[in-house]
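So the sequence lines, in the order shown, correspond to chains A and B.
At the far end of the first sequence sits residue 130, using my numbering, and the numbering has no gaps.
At the far end of the second sequence sits residue 692, using my numbering, and the numbering has no gaps.
Bear in mind the hints are in silico, worked out from the structure with no lab data behind them.
Idealized CB from N, CA, C, for every residue including glycine.
A few of these clues could be false.
Claimed, not checked - Computed, partial: chain B to chain A, Cβ under 10 Å:
no., residue
1, V464
2, A605
3, A609
4, V613
To be verified - Label pairs and their computed distance ranges (CB to CB):
no., chain 1, residue 1, chain 2, residue 2, range
5, A, G15, B, A413, 55 to 63 Å
6, A, T(-18), B, E682, 52 to 60 Å
7, A, R101, B, D587, 41 to 49 Å
8, A, N107, B, G416, 46 to 54 Å
9, B, A413, A, R35, 23 to 31 Å
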Amino acid sequence: MTSIQGRSINKGIARAMALVSATPINITASFTKLGNIYIPGQQSVINDRHHELYRENVKGQVLVFPSCIGSTYSGMVLMQLICEGYGPAAIIVQDAEPLLTSGVILSDVWYRKQVPMVECRADDFWNSITTGDTVEVDGVSGRIGIITLT
Amino acid sequence: MHLTNEQQGMLQGNEGQAMALAMQTLVKVGKAFGAERLVAIKSAHLAGSFGSSRFKAYLHILDQFVAEGIRVRVPTTVNPRPGRTLGLLNRIVFSRQPWLERQLAQLGVTPNYSCICYDDVNIPALGDRLCWSESSAVQFANSALGARCNRNSVLVDICSAVTGYTPEFGYLMDENRRGQVLVKLQLDRMDPSALGYVLGRRLVNRVPVVEHYDFSRAELKNMGAAMAATGAVSLFHVEGLTPEAPDLQTVFDGEPQDVITIHQADLDSMHESQPQDYDAVVFGCPHLFYEEVIELAEQFAGCRVTKPTYLCTSPAILQRLQAEGMSNVLHQAGVNVVDFCPVAAFTPKRRSRVLTASGKCHCYLHNSEFGMMEACLRVCGART
């Protein structure tokens, strides 16, 4: 297992499969399409046709991407996903900007639902992480463990 | 983080449970970004103006504030309505709109219902600290007006509005307001919306300084909105135009980290490739300024549009247009002048193909294409 130190943004501990993208994600554009709203179980499917993870489901995965872009609804959209049990298991970003960060903090403060979030800028991590890797995220210490299946 | 006695009291619940949670939210956000204190804000602007039953968690938090009789402590404006009456599907999707508006009124929010709050009722001055959350408005306040505001999330905006404070970090600090990337232009035809779209994609969240171009107020708005939608740019400067960029030396405080050049081909690649049979043409995202509506009205006067055409502006500007009879001119041309948010209004109509000259609108609408202003006017049958 490779262990990498990041910066803790929100508490909690999770272990799940990684869903990795090198492209910033517009959380609002991804999760507010009609399919997300009206098709049961599709809340957490990325419905942004401009994004490489188009049609991927983030539920229960460790979502790994550079940063959140776009609308300031994003924190609220993420909070709604987390509150109804459709959020990612954990979040790892290169740049923890205020929108995404607010989403996990709002869920924690107002609904006591914790999704660990870590900011990590180490090249080691970004060069080695791949979709399907099992990742352990410790939101308290900021430590990330990658268990690559060979 | 250092809190004043008043802030500490709020955090401990002296002013009720909802206020304590609002304070906890601000403190946690502040800690995540290394803020050392919470500072007083001049105003707030809320983005959470769509009463969708989908966002129950949001609506439930508003309930808690209202139930405890909390009201905003600083002047607070709010984003556009979502066009609930545009069709049956919209009525279903935005079924909680009347309820949301009642709750916002209870909180003491000014019912301007527009994303261009800085056009009339919420005008910041140079250096004012704000907690706004509409990305295009944050962008305009920071860049065109020199106010200081981070890209805040819906709900964090309300936590700041009711407490009157925001954590001090990011664009509130001098050192983060300097330019980072110099943007040189090699263009035959300027299209501010397309330029903003490309810059947001390319720079994500850095601070661009565009070399001198005499952008109008509306062009700064439209370019900034696109940048904030395709990227996370919250502050840009224009050499010799915007308040914090009198010259390159001052705005960079030295040398730029990077220099990029935008060519005509970069903008042209944005536009719709082949004309399609569009269902609607949309102007005004962000809402059109008064002068933009007047300019468009000149193109439409005496014509009859051949496609459903929407001009989206603020309720205040719409009222003014009605009072002056200008909305009649547009009405006779078959143009719909409306005061809702086109992105929200057209989202439920998933299959309608929308053509727009707005980079922001194109970014959010599932089935939209982006066109130059002239192409949009041509498609809907106006004079070009």
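Numbers of unmet hints, in rising order: 2, 3, 4, 5 and 9
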